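Asker: If you want the building blocks of each chain, they are given just below.
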Amino acid sequence: MEFPVENKIFSVSEFIALLNIGLKKSVVKILGEVGQVQFGPTGHVYFTLKDENNQGLINCIIWKSKYLLYGIKLQEGMKIMASGHPEVYAPNGRLSFISDTIELAGEGTLKKQYDELKKKLTTEGLFAPEKKRPLPEYPQKIGVITSKQGAVLADFLNNIGKFGFKIQMIDSRVEGQEAVSDLLASVKTFRKKDIDVLVIIRGGGSLESLMPFNNELLVREVATFPVPVIAGIGHDKDTPLVAMAADFSESTPTACANLLNESWEKLLLFLERCERNVIVRYEAILVKYLAIENKLKVAFEGFKNALSNTKNSLKGYLDSSLAGFKSLLSTIDQNLAAVEKAVFLNNPERQLRLGYSIASINGKIIRETKDADVGDIIDLKVSDGKITSEVKNIHPVK
Amino acid sequence: MVKEKQDSKNLSGNLKRLAEITEWFDKQEEIDVEEGLSKVKEASILIKASKERLKEVENEFEEIKKEMNAEI
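Chains as they are written, first to last, in the numbering used here: chain Y, 1 to 398; chain U, 1001 to 1072.
These are calculated hints, taken from the structure and not from any lab test. These figures come from a predicted structure and were not determined experimentally. A virtual CB, placed ideally from N, CA and C, is assigned to each residue, including glycine.
Residues from chain Y that face chain U, not an exhaustive set, calculated with beta carbons under 7 Å:
hint: 1; residue: Leu318
hint: 2; residue: Leu322
hint: 3; residue: Leu329
hint: 4; residue: Ile332
hint: 5; residue: Leu336
hint: 6; residue: Val339
hint: 7; residue: Glu340
hint: 8; residue: Ala342
hint: 9; residue: Val343
hint: 10; residue: Asn346
hint: 11; residue: Asn347
hint: 12; residue: Pro348
Just chain Y, same shape as in the assembly:
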């Protein structure tokens, strides 16, 4: 809405609107002590802030939605820091400071608020060890909430392993009370996304700078987040309550990345070991196989020799038996020839055909002169018959 200022006559409302445009640009932080506090019927909170020592006082308003966000119960005398801008309320012309954020001021107060909330949530069991969930094995879909500013994200990304992670990141303020609304919105956004693990990371800081991570609503969001949450929120001594509510709390973004890498690296080692085992066992089998192959070769060679020897022996036996048999046949042949000759020589007909005759007296063969007497009748057997003759003379040869 633009107002031409020169020669313009404003209505009161118009002038107040003009003032408010200018005032809205005056975003400041005011440190002061809470005076009167009134809770309106709609839930908005009206209070005054005043100087601790001086006379300054200003009316302040914080809308219900903001007031509930920061978990601070305003009380008279409380020292706080409010950020926001001034605004004139047209119906009564009253100037009020519209607080966007409120936070407790002073280390002691912050510590007290931290301790009280920690005690309350501990009693509720939000930090109970049995509530902690393990990381899924081999997580892939990672949701990351952090600020793109600074080295935190780079540290995380530089250390996350190359295991096919699908990383979705939501840029969020991480410091000051303004961060609370960002962080809450980011966590709620990730509730609707398909992720395996949520990682919330930021660098270290004082209790004061880490106060967004002690916000009750944020702690409860983290505690009831549907998948495991890793908090990587650096700190000195007082662990941020978000980190306590998370399933895992690491000190650095690098440690968060390493935690996510862990199961993958174990798997990698396991696979490498398997690979080595397979190679070693295969080599062992190969060695055994080669040994068996060599033994077989030797055995085959031996068998071949045995066959050859057997063949040679058989050949020898065959040759011997053939020669023996041949010799036997030859002997039989010779025997037959000898028998034939003997039979031929002994054939009586042959003798008779040669001119020899067999002389006998009364059937008795005459071999000597004494076997015959003069006058004996001699039978002479010749080749074709018999001749009968008488002995005339006998002349023995001396």
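Mind docking chain U on chain Y? Use the hints.
Answerer: Leaving out everything else, chain U in the frame of chain Y:
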């Protein structure tokens, strides 16, 4: 004659018988022409049969020898 036919293929039997015949001739002091003639006839039959059988055996032997040499 039946006996001769029976024995004529039995080489060992023939040889044994021929040995007996030659021994018989060797032992004779008085030659019985008829008996001697009979022995001669028997011997000549046996010798002929034995020669034939010997030839057969030799042929068979040569065949076996060829086969065995081819196999080994």
